[in-house]
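Fit chain to chain and form the complex, with the hints in mind.
Each chain, written out:
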Amino acid sequence: MSEGDIIPPLSDTEQNEDFDDEVDEEELITAQKVLEIVETAWKNELCAPEILQHQTDMLELMLGQVAHMEENMKDLDKNDFRFIVHQMELERIRYVMASYLRCRLQKIETYTRHILNEEETREVAEKRLSPEEFKYAQEFAENVEQYFQQVALQYMPNMQRAEAEQRIVRPNLMSHVFIKANVDVPSVVVGVDDEEVDLTAGSQHIIPYQLVSDLIYKNQAQLI
Amino acid sequence: MEPCIIEFIGEKSIIGIVPNFSFEPLHLISGSVGPFRAGLPVHVPLWLGIHLRKQQKCRIVPPEWMEIELLEEIKEAEKKSKFFTKMPSEHYMVEAQLIMSTAPDDVPKCEELRTIIKDIFDIREAKLRTSIDAFIKGEGTYAKLDNLTLLEMHTVRPILPHSLDHIARYQRTAMATQRDTSTLGLSNSMNTSHFSQ
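Those protein sequences? They're chains A and P, same order as listed. Going by full-length UniProt numbering, the residue at position 128 of the first sequence is 128; the numbering climbs one at a time, nothing skipped. Going by full-length UniProt numbering, the residue at position 54 of the second sequence is 54; the numbering climbs one at a time, nothing skipped.
Keep in mind that a hint or two might mislead.
[Unchecked claim] As a list, the in silico BS3-like pairs of lysine-lysine whose alpha-carbon atoms are at most 27 Å apart:
| id | chain 1 | residue 1 | chain 2 | residue 2 |
| --- | --- | --- | --- | --- |
| 1 | P | Lys12 | A | Lys43 |
| 2 | A | Lys180 | A | Lys33 |
| 3 | P | Lys12 | A | Lys218 |
| 4 | A | Lys180 | P | Lys79 |
| 5 | A | Lys74 | P | Lys57 |
| 6 | P | Lys54 | A | Lys74 |
| 7 | P | Lys86 | A | Lys43 |
| 8 | A | Lys33 | P | Lys12 |
| 9 | A | Lys180 | P | Lys80 |
| 10 | P | Lys137 | A | Lys180 |
| 11 | A | Lys180 | P | Lys144 |
| 12 | P | Lys144 | A | Lys43 |
| 13 | A | Lys78 | P | Lys57 |
| 14 | A | Lys180 | P | Lys75 |
| 15 | P | Lys118 | P | Lys12 |
| 16 | P | Lys12 | A | Lys78 |
| 17 | A | Lys180 | A | Lys43 |
| 18 | P | Lys54 | A | Lys78 |
| 19 | P | Lys144 | A | Lys218 |
| 20 | A | Lys74 | P | Lys12 |
| 21 | P | Lys127 | A | Lys180 |
| 22 | P | Lys118 | A | Lys180 |
| 23 | A | Lys180 | P | Lys86 |
| 24 | P | Lys144 | P | Lys118 |
| 25 | A | Lys180 | P | Lys82 |
| 26 | P | Lys144 | P | Lys79 |
| 27 | P | Lys12 | A | Lys180 |
No lab work stands behind these hints, which were simulated from the structure alone.
Looking at chain P on its own, in the form it has when it is part of the complex (with noise of 0.2 Å):
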């Protein structure tokens, strides 16, 4: 999967937005949104609620989560979890950095919330990175990786497979190898846990 497709299935996303202009409800295949009223908030898929930002045909208004102090919250259980704690959004990153680039003037105080949330995601990632590290030398071919985001997966994709599909292949060379000697009546000196060092 490519980051792009990432975005596209993220902008699927209800976001709130204050439409200036009135309009009927629109049914789209993928739902009906509106009736659209000037003044009035409605959700819209993120797609949509960019373009019509783009067109100045509203304001978005940032979800929930967008605020300093429970970022702030976020942050801090996030640094003392040892597991991954529950985002607020499936999609924060994608949001943020679609919301924040195309309306930075509805979002108060941007450039913190920013700064906050890029702090989470390298947080995340750095406890991805040594957990990836502890599960190859614990020699795992499962985990669970719950509360894990897809951009966040898609950061260590195709690496983390790519090397466990290596690693499972070098072990089942070295079970068929082993299997062989054994048959062939040679020493079992030949043993797998030599390699595995």
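Isolated chain A (complex conformation) (with noise of 0.2 Å):
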């Protein structure tokens, strides 16, 4: 029932450097290794202030292959052993998507406008949003926009009727946060003053977010 482990080839993995190395396998990619970058996305998501990019192909690979599992689970025994065991795992895989997702939409509902006003000036590959989430997004904005037009805005004198720039709620990209260096990372700019720092592998710092976001974004780090 495990011959399954093995996803077939994918497309769009190459942000990942660590399968470069795998000259054989280069187009593989095991489900172990999907459910750590899923999980290493998720914990990003949980500690970073903005949406971080959209990982709709891995969760894709992830809902796969949990759906696979679970059709060779069904001939099983309830209380078969294996049927218990991987049941247990497949909620905690499932929990994680889902807190995952879950995350990004209170991100989504809470800075719905700055997110689709960044997400217009954004190139089609380094859009942050699924395309599920930015219809959600939308719909989201516009429901809101067209909630307050009925109950208050339209009672208001039209001084204040026209500030929607004003009611844009932006993340604060300077907020603190606790990263871990997964590489060797030198000379990162620490503080206000230009103040350099080289991050050893496994070493863990507290740090302005914007300041090492691009870390993040190319997995030299990762939020804790």
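Encoded structure:
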């Protein structure tokens, strides 16, 4: 029941430098690896003040793997040792994925306008939201706007109506976060006065998010 | 992050168990475990070990570091060192808590161990508070936190990052005010250093 642990070749994984040195299995990625990526994305998302790059590819692979596992488990007795253990693991994986998506939705609902404005300026390959999330954000923004209009704004004098700009909620990108370096990163700027520090692999730091956001993006460090 | 999430993450640590049943290897998504042979120790994730122990299907082998003498040494080292020493396990509190509450009978001298682990945790907490105090007074924006475990970090979250955010905000406002006043040609006596006292 385990032969499905290897997932067929992927197209969009070049972001992950780890795979570059696997010559034979360049195109293959194990379910275990996918799970690791999803879990890292989950932890990063929980700790980051802004919304991060979406991981739709990885989530879909993981969902496929979960479905595959459930298919295999269908014929097992509910009290079978294997069934119970696999079931427990699937529950843990589902929790991670649900928590990840929920966290993103919360950010979308809080910073709707801000995120939508940012998305407009991004290239297709750099979009932070998945198409579904984008649709959700747009509808959410419209509904909120309409609601404000109906219950309050239409009764207000003209002066106060057109201040949509002021109602935009933005994340504080300079908020402090805990990070752990995955690899050695030389001369990272760590203060407003351009102070620089070399991060060694495995070291931990507290630092304003904006100064290290590119390290997170490049997977050189992760939020903890 | 909530404490339950930290426990969830800690539950992925690997521990040893001695099963009292035999079973072929299980190929979990997160990696294979087993084969299980009655009476022979095997490594499993903590969450699985705890589950099996609750079902009376195994005995837990306490991690190597759960040992009075070793912990006494760690405690002494922790007291002497100015910095945080490296803990034997990244999730030592979570592991100790889960193992000792589920299977106190599997851990020799459980109560003593519990006390000493708590002592180590308290020493580290005290150290963390002192260093945070110094850090905030030094008006830093960046600090190195090597060897601090996730749970320990959590004890100062969100208060530490939040206070730093606030301090940073005051500093930015102070700088902006200073710029404004100097462009208006007012005296520079409205210096920010007055605020820092």
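* Asked: Given the hint that Lys12 of chain P pairs with Lys78 of chain A, does the C-alpha gap stay at or below 27 Å?
  -> Between Lys12 of chain P and Lys78 of chain A the Cα gap is close to 24 Å, so the pair holds against 27 Å.
* To do: For the pair supplied as a hint, Lys74 of chain A and Lys57 of chain P, confirm whether the alpha-carbon distance does not exceed 27 Å.
  => 24 Å, holds
* Restraint status (C-alpha distance of Lys180 of chain A to Lys144 of chain P at most 27 Å) -> 10 Å, holds
* To do: Assess, step by step, whether the Cα of Lys54 of chain P is no farther than 27 Å from the Cα of Lys78 of chain A, and give holds or violated.
  => 18 Å, holds
* Regarding the pair Lys180 of chain A and Lys43 of chain A, is the alpha-carbon distance no greater than 27 Å? -> 12 Å, holds
* **Lys144 of chain P paired with Lys118 of chain P [C-alpha distance capped at 27 Å]** => Status holds; Cα separation ~24 Å.
* Holds or violated: Lys33 of chain A to Lys12 of chain P, with C-alpha atoms at most 27 Å apart -> 15 Å, holds
* Hey, Lys78 of chain A versus Lys57 of chain P, does the alpha-carbon distance stay inside 27 Å? -> 17 Å, holds
* Within 27 Å, alpha carbon to alpha carbon, are Lys180 of chain A and Lys86 of chain P? -> 15 Å, holds
* Asked: Between Lys144 of chain P and Lys43 of chain A, does the CA-CA distance stay at or below 27 Å?
  -> Distance of about 20 Å is within 27 Å: holds.
* Asked: Within 27 Å, alpha carbon to alpha carbon, are Lys137 of chain P and Lys180 of chain A?
  -> 24 Å, holds
* Lys74 of chain A paired with Lys12 of chain P [C-alpha distance capped at 27 Å] -> Cα-Cα ~26 Å, so holds.
Of the numbered hints stated above, none is contradicted by the structure.
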